[in-house]
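Undergrad: So you can see what is in the structure, the chains are spelled out below.
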Amino acid sequence: MSHTAFELSTHGQGLYEFTDTVARWVAGEGPLEAALTLIVQHTSASLLIQENADPEVQVDLKAYFVRLVPPTTDPCMSYLTHTYEGPDDMPAHIKSAMLPTTLTIPVISGRMALGTWQGLYLFEHRDRPHRRRVVAVLR
Amino acid sequence: MSHTAFELSTHGQGLYEFTDTVARWVAGEGPLEAALTLIVQHTSASLLIQENADPEVQVDLKAYFVRLVPPTTDPCMSYLTHTYEGPDDMPAHIKSAMLPTTLTIPVISGRMALGTWQGLYLFEHRDRPHRRRVVAVLR
Amino acid sequence: MSHTAFELSTHGQGLYEFTDTVARWVAGEGPLEAALTLIVQHTSASLLIQENADPEVQVDLKAYFVRLVPPTTDPCMSYLTHTYEGPDDMPAHIKSAMLPTTLTIPVISGRMALGTWQGLYLFEHRDRPHRRRVVAVLR
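Keeping their order, the protein sequence lines are chains A, B and C.
When the count follows the numbering used here, it moves up by one through the first sequence with no breaks and lands on 151 for the last residue.
When the count follows the numbering used here, it moves up by one through the second sequence with no breaks and lands on 151 for the last residue.
When the count follows the numbering used here, it moves up by one through the third sequence with no breaks and lands on 151 for the last residue.
Be a bit skeptical, because a hint or two may be false.
[To be verified] Covered stretches of chain B, going by a simulated chain A footprint (3 or more residues, C-beta under 8 Å):
hint: 1; region: 81-95
hint: 2; region: 98-109
[To be verified] Beta-carbon label-pair distances, calculated as ranges:
hint: 3; chain 1: A; residue 1: D139; chain 2: C; residue 2: P141; range: 22 to 32 Å
hint: 4; chain 1: B; residue 1: D139; chain 2: C; residue 2: E19; range: 16 to 26 Å
hint: 5; chain 1: C; residue 1: R36; chain 2: B; residue 2: C88; range: 36 to 46 Å
hint: 6; chain 1: A; residue 1: E19; chain 2: B; residue 2: P67; range: 27 to 37 Å
hint: 7; chain 1: A; residue 1: D86; chain 2: B; residue 2: M13; range: 20 to 30 Å
hint: 8; chain 1: A; residue 1: E19; chain 2: B; residue 2: E45; range: 19 to 29 Å
Note that these hints are calculated values from the structure, not bench results.
For glycine and all other residues, C-beta sits at the position ideal for the given N, C-alpha and C.
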């Protein structure tokens with residue numbers, strides 16, 4: 013069993029890929045048969061396994077979720093009460109409920125068992141720049 | 013490897029925090045490096061990692077998901093067929109598909125690696141009181 | 013620790029149960045106390061733990077998510093850009109972000125700790141037939 017933490021810088025809503033960073037750490041631990049668990053230690057960002065072939069997919073994912081969960085300045089969201097941290101804050105909590113906070117990925121012979129087109133992403137839900145912390149355990 | 017089960021009483025839709033109950037059990041197992049897996053053994057309740065600082069967030073989460081998945085008595089849900097268990101039943105299944113049934117959390121030195129503002133919640137999707145069972149394994 | 017892969021054939025959107033296939037493999041590994049991790053190696057299908065009592069629930073789940081994330085031929089989805097792989101492709105990626113790609117399930121005495129009414133499903137989001145690969149590790 014080993015563990016580490018990754019620090020990721022974000023600059024606005026959207027998907028930030030970090031597949032290679034994680035893959036390198038996993039490979040460095042040896043040719044393990046294991047399970048990798050990741051947790052993002054925030055309630056306004058998510059972890060996603062998503063297509064990494066066409067960047068349009070990432071643009072569209074961001075666009076869809078902004079429409080599904082609009083800023084609290086949008087009249088249709090006027091029933092929300094937790095608005096004092098900015099119009100993107102409560103929508104960020106809603107998206108972080110709806111999208112994964114933790115992921116567990118099988119590791120076979122020291123490699124994550126991801127499909128050909130699958131990458132690992134941090135999905136940032138806030139507008140301003142943030143430092144995000146992802147804790148990982150391999151066992 | 014050890015396992016246990018937590019029984020939680022709910023009285024209507026909303027979030028019920030049980031971070032401390034889980035943290036005490038984990039700590040009692042010793043200063044482990046491990047992964048904790050939880051499963052809620054029902055298809056009308058979910059598990060969430062969410063902000064535990066401001067209770068408004070929990071009120072707003074409930075309010076958002078009630079609007080996203082209205083009761084089957086709402087005209088916009090008239091296409092649904094599984095309605096004989098009450099107007100909150102099929103929406104509960106939909107929410108339980110959309111929100112986590114299982115969570116895996118890294119454990120470092122006998123403590124869950126949660127962020128400062130993260131708590132562990134059962135999200136009840138039914139209106140009437142229920143007893144909910146959450147099974148946990150630590151390994 | 014052991015691992016395997018399951019291949020599932022799908023023929024259009026909807027839920028495909030494979031609880032028994034997984035349960036047989038888990039039981040064959042002995043009376044383990046363990047955690048089972050599954051990953052679907054695609055970004056247009058999901059894994060679900062859902063009610064397996066009444067098949068209406070599965071029909072309604074499919075119907076709800078088709079309305080929440082309509083095909084890109086629907087005018088309300090005209091802002092999406094990743095449309096060249098068919099009207100069901102980008103909605104499939106959105107659903108695969110929203111619904112689980114990985115699941116971890118406690119295993120006690122060689123059996124998955126599922127509730128009485130819980131079954132394990134592949135949720136296919138594409139219209140045409142596909143072969144889907146689910147990798148499993150037990151440890």
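Undergrad: Decide, hint by hint, whether the structure agrees.
TA: Each hint tested on the structure:
no., hint, verdict
1, 81-95, "violated (count 0)"
2, 98-109, "violated (count 0)"
3, D139/A / P141/C: 22 to 32 Å, "violated, 42 Å"
4, D139/B / E19/C: 16 to 26 Å, "violated, 41 Å"
5, R36/C / C88/B: 36 to 46 Å, "holds, 42 Å"
6, E19/A / P67/B: 27 to 37 Å, "holds, 30 Å"
7, D86/A / M13/B: 20 to 30 Å, "violated, 48 Å"
8, E19/A / E45/B: 19 to 29 Å, "holds, 20 Å"
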